[in-house]
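S.K.: These protein sequences, in sequence, are chains U and L.
Heads up, the first sequence is in the numbering used here, so the first residue is 1 and it goes up one at a time.
Heads up, the second sequence is in the numbering used here, so the first residue is 1 and it goes up one at a time.
Please keep in mind that the hints were generated in silico from the structure rather than gathered at the bench.
We put the beta carbon where it would ideally sit given N, CA and C, even for glycine.
Be aware that a few hints might be false.
[Stated by the list, open to error] Pairs of lysine to any residue residues, derived as SDA-like cross-links and limited to a Cα-Cα distance of at most 25 Å, are as follows:
#  : chain 1 : residue 1 : chain 2 : residue 2
1  : U       : K143      : L       : D87
2  : U       : K143      : L       : D9
3  : U       : K135      : U       : Q148
4  : U       : K143      : L       : A96
5  : U       : K143      : L       : R53
6  : U       : K143      : L       : A10
7  : U       : K143      : L       : L6
8  : U       : K143      : L       : A67
9  : U       : K143      : L       : L31
10 : U       : K143      : L       : R11
11 : U       : K143      : L       : V28
12 : U       : K135      : L       : D4
13 : U       : K143      : L       : D4
14 : U       : K143      : L       : A29
[Stated by the list, open to error] Quick look at which bits of chain L chain U covers, simulated, 3 or more residues with Cβ under 8 Å:
#  : stretch
15 : 89-101
16 : 111-121
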Amino acid sequence: MTAPDPLLIELRDVRKIFTTDEMETHALGGVELEIQRGEYVSIEGPSGSGKTTLLSILGLLDTPTAGTYRLAGELCSGLSVRESARVRNRQIGFIFQTFNLIGDLTVQENVELPLTYRGMPASERRDRVVAALEKVGMAHRAKHLPGQLSGGQQQRVAVARAVAGSPPLLLADEPTGNLDSHNGDQVMALLQGLHQGGATVCMVTHNPEYARHATRTIHLFDGSIVDETRRGPA
Amino acid sequence: MTVDALVQDARFALRSFAGAQTFSVTTVALLAFAIRLALGAAPRDVLLLVLRRSAALVAIGVGAGLAVAVVATRVLRSLVFGVGTLDLEAFSLAAALLVVVALVASYLPARRATRISPMLALRGD
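Same shape as in the complex, but just chain U (with noise of 0.2 Å):
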């Protein structure tokens, strides 16, 4: 069995246009990205910079305008509807900002959710569902619903939601977000844990001090990667 390829995102000269009757905007502008394996990598920007744009294509949620992107080997721009969400299944974790768990599904159906879709025997989707949801110390609360837990305790079934399929790429907007300080910290700790145990991560963020958490930092202005801050592993 060969290794995996270590370059896992590859975007050449992505552009991202927005049209309406009135004007073209130019959200992303000849982006040129490369991710390897187990880094993790902070996107910082102001708003409008093109942050959210710039996630959303790399988890296939959005398509460019023009350019190529690359998911661990796999041409994905062009790829078909179904195709996107074959890749987005296996390949991405996703944590969002609102955490995004379905209320009328309990913590344990929702972290199991991805799962369903790949068509995994129930025993193994059982399984995965139990290690994830002890790996972020919410265990305990499977059988809840999403809104008898707190912010915090939501984002955490999120993540275990993220990484209960081994995606190779987790993608987290502004995780943080809707949390206090406590909160944050401890999904910021879950989020270190996973890089250090292999995990690619790739995070939007306005907090400075939660990106310095990352290997690298991109800084967009204007659709356009303008800087980046390389630190040692954390």
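For this one, chain U is given, so just place chain L on it according to the hints.
M.R.: Then chain L, alone, in the frame of chain U:
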């Protein structure tokens, strides 16, 4: 379809029924579909989910309707000439018509749900 999915659908239908809600593609529902799509559901998965949940609601409605009808016909029998206690043909036709109408009606919001952008999950609105 797994047993778990059936249990989730039945639970959803019971909650909806208890809350006297009809299944509609509300903002909350749209966000839930967007989350599912973002997590890797194919549009077909969402279509089937909406149809399954509608079917679960219809099944509860038909069951309750038949039970009420059986009781009502017994009452009517003593009041109206020519009414039988258990007209299987009428019951079956009415139930079948209701199922067909409900499923056709739910197909449109189901199709709409498949066209939601998973970007909605990222924006969270």
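S.K.: A separate judgement is required for each hint: does it hold in the structure or not?
M.R.: Structure-based check of all given hints:
1. U:K143 x L:D87: violated (44 Å)
2. U:K143 x L:D9: holds (17 Å)
3. U:K135 x U:Q148: Distance of about 20 Å is within 25 Å: holds.
4. U:K143 x L:A96: Outside the cut-off at roughly 37 Å; violated.
5. U:K143 x L:R53: Within the cut-off at roughly 21 Å; holds.
6. U:K143 x L:A10: Cα-Cα ~17 Å, so holds.
7. U:K143 x L:L6: Since the Cα atoms of K143 of chain U and L6 of chain L sit roughly 17 Å apart, the hinted pair holds (cutoff 25 Å).
8. U:K143 x L:A67: violated (33 Å)
9. U:K143 x L:L31: holds (22 Å)
10. U:K143 x L:R11: holds (14 Å)
11. U:K143 x L:V28: The given pair, whose Cα atoms are some 22 Å apart, holds under the 25 Å limit.
12. U:K135 x L:D4: Cα-Cα ~24 Å, so holds.
13. U:K143 x L:D4: holds (14 Å)
14. U:K143 x L:A29: holds (21 Å)
15. 89-101: Violated: only 0 residues of the stretch 89-101 of chain L have a Cβ under 8 Å from chain U.
16. 111-121: holds (count 4)
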